[in-house]
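The listed protein sequences correspond, in order, to chains A and V.
For what it's worth, our numbering labels the leading residue of the first sequence as 1, then goes sequentially.
For what it's worth, our numbering labels the leading residue of the second sequence as 1001, then goes sequentially.
Calculated from the structure, these hints are not laboratory results.
All of these numbers come straight from a predicted model, not from anything done at the bench.
A virtual CB, placed ideally from N, CA and C, is assigned to each residue, including glycine.
Check the hints yourself; a few may be wrong.
Stated by the list, open to error - Some chain V residues judged to face chain A by a derived CB distance under 10 angstroms, without partners named:
#1 1346
#2 1350
#3 1351
#4 1353
#5 1372
#6 1377
#7 1461
#8 1528
#9 1537
To be verified - Partial pick of chain V residues on the chain A-facing surface, computed with a CB cut under 7 angstroms:
#10 1173
#11 1174
#12 1177
#13 1320
#14 1371
#15 1379
#16 1394
#17 1395
#18 1438
#19 1536
#20 1550
#21 1558
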Amino acid sequence: MITTQRSPTGGGGGGSQSPRSPSSQPPFLSVSVTDPAKMGNGVQAYISYKVITKTNLPEYQGSEKIVIRRYTDFVWLCDRLFEKYKGIFIPPLPEKSTVEKFRFSAEFIEMRRQALDTFVNRIALHHELQQSEDLRTFLQADEQTMERARSQDTGIFKKKPSDLMSIFRGVQSKVTDVVLGKEKPVEESNSEYDKFKKYIFELEDHLAEAQKHAYRLVKRHRELGQSLADFGKAIKLLGACEGDALGTAFSELGAKSEMLSIKLQREAHHLLMNFEEPLKDYVRAVQSIKGTITERANAFRQQCELTETIKLKEIDLNKMRLIRSEKMLDAEHEYEELKVAGQEATRRFETIVKLMNEEIVRFQDQKTQDMGRAFHEFAKGQARLANAIADAWRSLIPKLDSLSVS
Amino acid sequence: MMDFENQGFEESQLHASRGEMESLALDDDDNNNNSGNDNNPSSRSNGVANGDGSLHHHPLSSSLPFAEIPTTDDDDPLLSSSSPQQNPNSFNSLLEPPSYADAVFRSFDGDHGKQINGHGHGAVSTSSPSPSTDYFKISVTDPQKEQDLNNSLVPGGNTFVTYLITTWTNLPEFNGTEFSVRRRFRDVVTLSDRLSESYRGYFIPLRPDKSVVESQVMQKQDFVEQRRMGLEKYLRKLAAHPVIRRSEELRVFLQVQGKLPLIKTTDVASRMLDGAVKLPKQLFGESVVAEAVDPNDVSQPAKGGRDLLRLFKELRQSVANDWGGTKPPVVEEDKEFLEKRKKMQDFEQELSNVSQQAESLVKAQQDMGETLGQLGLAFVKLTKFESEEANFNSQKVRAADMKNVATSAVKASRLYRELNVQTVRHLDKLHEYLGVILAVNNAYSDRSNALLTVQTLLSELANLNSRIEKLEAAASKIFGGDRSRVRKIEELKETMRVTDEAKNCAVREYERIKENNKNELERLDKERHDDFFGMLKGFVVNQAGYAEKMASVWETVASETSGYAATSS
């Protein structure tokens, strides 16, 4: 029931408009991830988040729903979407962290919360992904259902092999060695797609480097802030020792220095959340695309393998027809199955290709928006900081002048 | 002795590669050269480092072929006397009309011209209160290796470096207004030693370290350059001191051609011998002080090797002062002096702390600039990458945005670098004062030593007196006189007369030194007041000016990307 009414609102930011009266409003789905809370103790400790959904879509129960979720729930959702929506660039998750988890600094928690919020919002705004049933489960199910779903996840996928899946797997083990050899996997010969793949791989390197420096810049702000604080304190002590006008001058300077130190720490945080994190997010997005590229390669390979298998089977079948073997009926049956599987494989592959083409456009648009905003915040923050510094020091000049002659 | 930290402070804290350091120093040189005076030796003061005369690449340009950051740093606002120079490169960020910041820099600089020193910059060092008509400028350039032909046992073995020392002055005691000599470091040590002998009680600027160890470790070129700068700073400080600048020692050093005619601190060996020959008699207490020691010699401190006996005696006296139960005959009574000395000690401690923190601040600023530069570079590469094969318009837009941010980050990085060069200059004053305090401590030591000499002589007099009394008492008991005792008494009385004269000399010397201390302290307080206010203001104006520049750079980008702001969540 995918209607075109639910066209995407593009690569914009988080929420949508709040409802006045649900029935007359255009459909919307607004999600936010808030209120991180530490749960449990010691090694078992984890962070839980409040996920608030506001919507007027009929598939959802009620116009507002609040559930509690933890990081692994988000991972579950991401994995499900990745499996089901091959070809779509699934929004990236913040990294699992094995070490920092135990420390759970306020900054880490805030970074993670922001990233999770962005994650869910992107899904909610994506015209395909927003219709996912798994999303609905994630946004609405009570905690026990969620937990059950999470633990059954691997089980369900593995326990319910579709006929096609089993054929695929069977085919792979038989054909791979014979047809494809163990050397080089089959790849598409699509020059435009090749260029895209190359672009993605190189892009990751460039972005990673930029992100690394952005992170360092945050650190530099903190260091400069710290040294201004230390300097200010030391100069105040010098002022106390000196006394008179010069002593006052030292003290005033020291005080300003300490004040600016605080501004620098603030800017460091702002820089982290509004510039470095978006860059990191960009890197993750590119990594997610690499995952999709792999899926497409798999789909292509399956298609090729099946095509080969079908050809061989046809040859076999014809042989059997000539000699009128008893196995002919079985072989014919198998052949038909294979042909269906082959068509399915081709369909899957072509879907991925089509979706990817749309996704690439969407991705580029979205990234321009995201980075534009990040650049804006970066520039704004730097300008704000520089102005504060200039004002602070400038305000001291007349004071110094008057003190120096007194 | 003057700590070489002064140099190290600037260079090691700037933490950069040599190329960067050279280009930083070159900034000033460029500006000097640009003001058109090729004959100005100060522009050659970077002689060793800049041997081939070419500009070392600006640190950013070497790794930024794509962005073509201009290689000449055209915009040291403190020094550029003309409007900002033209630069053909596309990224020249500072082709802008002089801002408030520049104007403030320049006017400030005019008032406090004497704040600027070092960096091969030909600053005029005038003494503070005198009218602007007299000038006294010194520069040290052109290090040359020479052979020591006299002492070399090994052919080609003993080489040393000489420096060309050029003076421009209109002070009357000098013959002429411009002259040069060649001197080696050893000559500077001699000058320094002679000055400390002649000007006891004065706050004499400390000479550069001998630092033999460093010379093994450092590259020869760097070491020579460091030493050259140190010598220049030292000589300029001497020229700035109202009393010392008129000294004969300095004049001789600066003007007399050929071998330096200042006698080195007296040849230790021969004096030792003299002292040693007379030693046994003196140890037995039969002093032949009259022959061996000129009373006026007491006005010199007891130097090692010179008058060993005197050293022993003064040491005994100082021990008696410290550990003995009796109060020494004369004590340091000047309460005001004691207070001021304590205050100086506190000041030194705090100053040292501030100096350390200042170094950290400079490092932090430098790191910030570096990281901004690297960030800008990374974005430049990204921009290039995205634009090269942009398939979509959104990519082109993004690349354009990115380019903006990249160039701004690079601009900001350069601004931080320049900010730091200026910051170092201003905060260097802190470091300089640590050196001044060492000179003050030396002057206070002169005072203590002189006092100790007086005390020693007073003890000696008391000692002699009591011996005379004992002898007289013993002699009076013998009827008819005791010829040997009488002779002895005569000798002792003669000794006492000489010693008394010596004591009077010593007291005069002590009073003289006290007076010197007092005057110097007054001078220092005034200078300190001016210097530190100058430093604070310079620092603050500098920070404000550069912050303004950075604000304007970023405001431009912020407004250009303001379209994206509306969509934020």
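Now for the hints, and whether the structure bears them out:
Because the smallest distance between the Cβ of residue 1346 of chain V and any Cβ of chain A comes to about 5 angstroms, under 10 angstroms, the interface hint for this residue holds. For residue 1350 of chain V, the shortest C-beta to C-beta distance to chain A is roughly 4 angstroms, which falls under 10 angstroms, so the interface hint holds. Because the closest C-beta pair between residue 1351 of chain V and chain A is about 6 angstroms apart, less than 10 angstroms, the hint holds. For the restraint placing residue 1353 of chain V at the interface with chain A, the shortest Cβ-Cβ distance is roughly 5 angstroms, inside the 10 angstroms limit, so the hint holds.
For residue 1372 of chain V, the interface hint holds, since its Cβ comes within 10 angstroms of a Cβ in chain A; the closest pair sits about 7 angstroms apart. Using the Cβ-Cβ criterion of 10 angstroms, the hint placing residue 1377 of chain V at the interface with chain A is satisfied: the shortest such distance is roughly 8 angstroms. Given hint, residue 1461 of chain V at the interface with chain A, is violated; its Cβ is 42 angstroms from that chain's nearest Cβ, farther than 10 angstroms. Contact between residue 1528 of chain V and chain A, as hinted, is supported at the beta carbon level, the nearest pair being about 8 angstroms apart and thus within 10 angstroms.
Hint status for residue 1537 of chain V: holds, given a least beta-carbon distance of 5 angstroms to chain A, under 10 angstroms. Annotation: residue 1173 of chain V was flagged as interfacial toward chain A, and the flag is violated, the nearest CB pair being 34 angstroms apart, outside 7 angstroms. Look at residue 1174 of chain V: its Cβ only gets to about 35 angstroms from chain A, farther than 7 angstroms, so that hint breaks. A distance limit of 7 angstroms between C-beta atoms decides the matter here; for residue 1177 of chain V the minimum to chain A is near 35 angstroms, and the interface restraint is violated.
For residue 1320 of chain V, the interface hint is violated, the least distance from its beta-carbon to any beta-carbon of chain A being 34 angstroms, above 7 angstroms. With 7 angstroms as the threshold, the beta carbon of residue 1371 of chain V comes within range of chain A, its nearest partner Cβ sitting at about 5 angstroms, so the hint holds. Contact between residue 1379 of chain V and chain A, as hinted, is supported at the beta carbon level, the nearest pair being about 6 angstroms apart and thus within 7 angstroms. A least Cβ separation of about 4 angstroms between residue 1394 of chain V and chain A falls short of the 7 angstroms threshold, and the interface hint therefore holds.
Given hint, residue 1395 of chain V at the interface with chain A, holds; its Cβ is 6 angstroms from that chain's nearest Cβ, closer than 7 angstroms. This hint is violated: residue 1438 of chain V has a C-beta 18 angstroms from the nearest C-beta of chain A, more than the 7 angstroms allowed. Look at residue 1536 of chain V: its Cβ gets to within about 6 angstroms of chain A, closer than 7 angstroms, so that hint holds up. Restraint check, residue 1550 of chain V versus chain A: the minimum CB separation of about 4 angstroms is within 7 angstroms; hint holds.
Because the smallest distance between the Cβ of residue 1558 of chain V and any Cβ of chain A comes to about 4 angstroms, under 7 angstroms, the interface hint for this residue holds.
In this structure, the hints that do not hold are numbers 7, 10, 11, 12, 13, 18, in rising order.
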